[in-house]
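Enquirer: From first to last, the protein sequence lines stand for chains G and H. Mind the numbering: the first sequence is residues 1 to 135 in this note's numbering, read in order. Mind the numbering: the second sequence is residues 1 to 135 in this note's numbering, read in order.
Careful, some of the hints might be misleading.
Which copy? The list can't say, so a pair holds if one copy fits it or any two copies do.
Pairs of lysine-lysine, DSS-like flavour, derived with a Cα cap of 30 angstroms [what the hints assert, rightly or not]: (1) K118 / K43; (2) K48 / K27; (3) K106 / K48; (4) K118 / K106; (5) K106 / K117; (6) K44 / K27; (7) K27 / K117; (8) K106 / K27; (9) K117 / K49; (10) K106 / K44; (11) K49 / K27.
Hints were generated in silico from the structure; no laboratory data involved. Remember, it's a predicted structure, so these values are computed and weren't measured experimentally.
There are 2 protein chains.
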Amino acid sequence: MRHYLIASHGTLAQGFYDALNAIIGSKPEISIITAYVDNSEIKKLIEKKICLIGADDELIIMTDIFGGSVNNLCMEYLNRPNIHLIAGVNLALIISIVISHDEDTKSMIENCIEEAKKNVIYCNDLTEPKGYDDF
Amino acid sequence: MRHYLIASHGTLAQGFYDALNAIIGSKPEISIITAYVDNSEIKKLIEKKICLIGADDELIIMTDIFGGSVNNLCMEYLNRPNIHLIAGVNLALIISIVISHDEDTKSMIENCIEEAKKNVIYCNDLTEPKGYDDF
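Just chain G, with the same shape it has in the complex (with noise of 0.2 angstroms):
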């Protein structure tokens, strides 16, 4: 089974849980630590979660910014079986992190970034009339 953490600065992964619930309804599977708000030790915090899945589970942690305190300390969870971090992650990507059913992990992580990073999008470039000079 696979379990998902979502872990930034402040509020900002409680914000995407709020979101994600809005659009796919809730999932039991995923947790959230918004770091700073209180004085828990984030390090804890994360521990706890990865103890909490099974020897067969896979955890999926996605955070806020790479490079960033938070990313920094998941970044120490790596040598470990079946833990997998994806950093600076928007909406979209979480969304379809979340609901994909693409049993190879790694494969799937790979190629909603890919799919994410579309998902980015300057909408003005999407209504502007081509001018002369693109002739």
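Chain H: place on chain G using the hints.
Expert: Just chain H now, with coordinates in the frame of chain G:
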């Protein structure tokens, strides 16, 4: 002057705003719309924000997901001058947009989007040793 609006389903915009504050500090020119959290009509909130900016000002709207109802509503305002709309933002993109002093807004946004895409990272790929298949 540039103004910024982060708009999302639910509390996600608030989460982005909080994380932004935690990383770069507060900026009064950033507003948020958390759609469907209460009964506020989203169109009225967007129009209120547009009315408040000066004739020579710019508004950069950043939404959670392309194709979502919030972004769809914002698309209706792209015929107005000085409004820019980006869909599918992540935290790195919002940070780079709001700290940029590049005067060419269109070019700045396009560059920030390309950079943000590079910051969506499958971190397991950074730690895996190269196997013989790579040679």
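Enquirer: All hints, please: hold or fail.
Expert: So, going through the hints one by one against the coordinates:
Proximity of K118 and K43 under a CA criterion of 30 angstroms is satisfied inter-copy only: 27 angstroms between copies versus 33 angstroms inside one chain copy. With identical chains, the CA atoms of K48 and K27 are at most 30 angstroms apart within one copy only, with a shortest distance of 19 angstroms there and 35 angstroms across copies. For the homomeric pair K106 and K48, the shortest alpha-carbon distance inside one copy (24 angstroms) is at most 30 angstroms, but the shortest distance between copies (45 angstroms) is not. Taking CA atoms no more than 30 angstroms apart as the test, K118 paired with K106 passes in both settings, with 19 angstroms inside one copy and 18 angstroms between copies.
Proximity of K106 to K117 under the C-alpha cut-off of 30 angstroms is found in both arrangements, the shortest distances being 17 angstroms within a copy and 19 angstroms between copies. Taking the shortest Cα distances, K44 and K27 sit within 30 angstroms of each other inside one copy (23 angstroms), while across copies they are farther apart (32 angstroms). Both within a single protomer and between protomers do K27 and K117 lie at most 30 angstroms apart by alpha-carbon distance, with minima of 24 angstroms and 27 angstroms respectively. Only within a single protomer do K106 and K27 lie at most 30 angstroms apart by alpha-carbon distance; the minimum there is 21 angstroms, versus 39 angstroms between protomers.
When the C-alpha separation of K117 and K49 is checked against a cutoff of 30 angstroms, the pair qualifies both within a copy, at 28 angstroms, and between copies, at 28 angstroms. When the C-alpha separation of K106 and K44 is checked against a cutoff of 30 angstroms, the pair qualifies only within one copy, where the shortest distance is 26 angstroms, while the shortest distance between copies is 43 angstroms. With identical chains, the CA atoms of K49 and K27 are at most 30 angstroms apart within one copy only, with a shortest distance of 16 angstroms there and 35 angstroms across copies.
Checked against the numbered hints given earlier, the structure satisfies every one of them.
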